[in-house]
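2 protein chains.
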Amino acid sequence: MSAPSNLLAPTKVGIALGDRSYDVVIGAGLLDAAATWSDLPKSAQALVVTNEVVAPLYADVLQRQLSALHNRVDVLVLPDGEAHKDWQTMNLVFDRLLANGADRKSVLYALGGGVVGDMTGFAAACYMRGVPFVQVPTTLLSQVDSSVGGKTAVNHPLGKNMIGAFYQPVRVICDMDTLRTLPAREVSAGLAEVIKYGPIADASFLAWLEEHMEGLVALEPALIAHAVQRSCEIKAAVVGADEREGGLRAILNFGHTFGHAIEAGLGFGTWLHGEAVAAGMVMAADLSERCGLMPAGFADRLRALISRAGLPVVAPALSAEEYLEHMRVDKKSQGGEIRFVLIDKLGSAVMRPAPEALVRQTLAACCQPA
Amino acid sequence: MSAPSNLLAPTKVGIALGDRSYDVVIGAGLLDAAATWSDLPKSAQALVVTNEVVAPLYADVLQRQLSALHNRVDVLVLPDGEAHKDWQTMNLVFDRLLANGADRKSVLYALGGGVVGDMTGFAAACYMRGVPFVQVPTTLLSQVDSSVGGKTAVNHPLGKNMIGAFYQPVRVICDMDTLRTLPAREVSAGLAEVIKYGPIADASFLAWLEEHMEGLVALEPALIAHAVQRSCEIKAAVVGADEREGGLRAILNFGHTFGHAIEAGLGFGTWLHGEAVAAGMVMAADLSERCGLMPAGFADRLRALISRAGLPVVAPALSAEEYLEHMRVDKKSQGGEIRFVLIDKLGSAVMRPAPEALVRQTLAACCQPA
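Protein chains in written order, with the UniProt record's numbering: chain V, 1 to 370; chain D, 1 to 370.
Don't read these hints as lab results, they were simulated from the structure.
Ideal Cβ positions, reconstructed from N, Cα and C, are used throughout, including at glycine.
Watch out, some of these pointers could steer you wrong.
Reference excerpt, derived from the structure (chain D facing chain V, CB under 7 Å, subset only) [as the list claims (entries may be wrong)]:
no.	residue
1	ASP103
2	ARG104
3	CYS126
4	ALA317
5	ARG339
Covered stretches of chain D, as calculated for chain V (at least 3 residues, CB under 8 Å) [said to hold, decoys possible]:
no.	segment
6	90-102
7	127-138
Please put together the full structure from these sequences, using the hints given.
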């Protein structure tokens, strides 16, 4: 299970959305392989949007490869981090595109993690009412979750991802080699979203994760490639059935209602998104038990796995009122009622409100004492 | 032809776009008729977005009628005018929605002209990645053009409508009575977009307009209702065939390439959009002649009709370089080449580049001397 990554043949996971269908390509050495880019849309101009951490690592190779598709490939380097996932930063993309005279055929490439992908995708959705874009996720979290499925957004001071669009990329390119430069903390944050897919959709994947968690933390190539592929397959099935989150798609937000409250309560960027989701999944599992949907022991099982991934399992000490207030502005809320993604059996999730008394019990049980 | 407007039965023009289809309802006394609103989506919250000019006239009646559909109907009054069609002003919509705890089922109502409609529609497209919205256009220009077809946008300092989305309303409600409060200058501006539909799509409509222009300027109810209906029918046919402006839809921009350059060159809001389009149509007609697509006399014929509508037929004295620069950032440009909507026979338009020498001749012939 520790073969050199260049021996892994690329695999494709198809996202079936009619005339908006596309492939997630998963493999090693993809960024610098001409075949990765050869059949993407050609145009006069392209803009690679990336951040100050990723740019020195991969912007050059991308720019070189894309010169076969575009007469001009410009690179825009944004500041790094969730704190900059706002309209003001996204506007730098518009400023550059307009300064370059980019037209409607221009292609945007999102090179980086979830923040870069969400902002670049939203910018592509809005620039001249829509230009093509390609996701090149370089973090585990964005490879297994945010780059797939067309959710794009920026944050608003009053809520995370409140302003955005459903807008699909023309391709997602997940190069396993880019994960080697990830700090361990970000590998763990990505594993939170990987773990998510077990309880909501695939009990045997959950068991597989329990078997291989230490190898995944160590980024063993074959293991991590399988985890990315299985995550994208599950996400593809969910998104293919419910692109605009009319119902089913919301199960992908397991752990996210509590998680978003953690991020908002601490200030975006204090905890990584994956870390907040990790603690949030423990809380959602705990609430699933308290609602009588899952037997005792489920939350402990999940807590143990999450902990082995190097992730926090205890939520920060915000007041119950603060948690509740942040959760009420969650996009799944309806008429002021908070709705949670809960597990009703291993590999199956439901979205429903929960009695406030039980939510308060969960907060008391899962948060650090004040 | 001067029957009281309340004798006109409402008519519907259907916009056929699959699961995004909707009706444009055209009639008198619609705002204060319960039947107008009865089968629209219900929800806990609604937000009427309007401006400081329209709010005192119609916000109360709308709020009263909508109370049957929503528990809470809030009204947001924006500053008036194209100069405020920017992200900063649109952000006031998000601020209010989030402050109110508006959820994904909340409905936005755009009550006003094109600026209110474009911003409210774009806000609806982006808020939580999309909430339903209803267009209630109160100007002739927005009734015959901007409220129909799902183009939403805000301006960028470097270009008009550069940031936006294709996002369809759930209904468009055109109440002829709201036109009675329009200043004459805005009636004329609306007639510019009405006139547009003749040369691009319907030679007999052009002849009808020539027969009735003075009655239209005077807002004779039966005449103006017919003009709105025919305009919406033509727009419906074009948009139904090409929602996202892959090709055909661009013909609706007849006069707009020059017109946008006028608006940008003078500063947005100096000339009304319809005024700029009026002078722009004269220029596009002149260029159609110079390109050998139309016989001599066509531009004169259009100039005469536009003048009778109370609209400018001579473009302002910007330099040719300024015109060309602004036109190069037009959304129809590709690879730096300006593309114009030209008339190739009465009732038929084509989009194509034009030799720069001929464009310069048109600029010299149609602009005021410096």
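Going through the hints against the structure:
no., hint, verdict
1, ASP103, "holds, 5 Å"
2, ARG104, "holds, 6 Å"
3, CYS126, "holds, 5 Å"
4, ALA317, "violated, 25 Å"
5, ARG339, "violated, 10 Å"
6, 90-102, "holds (count 6)"
7, 127-138, "holds (count 4)"
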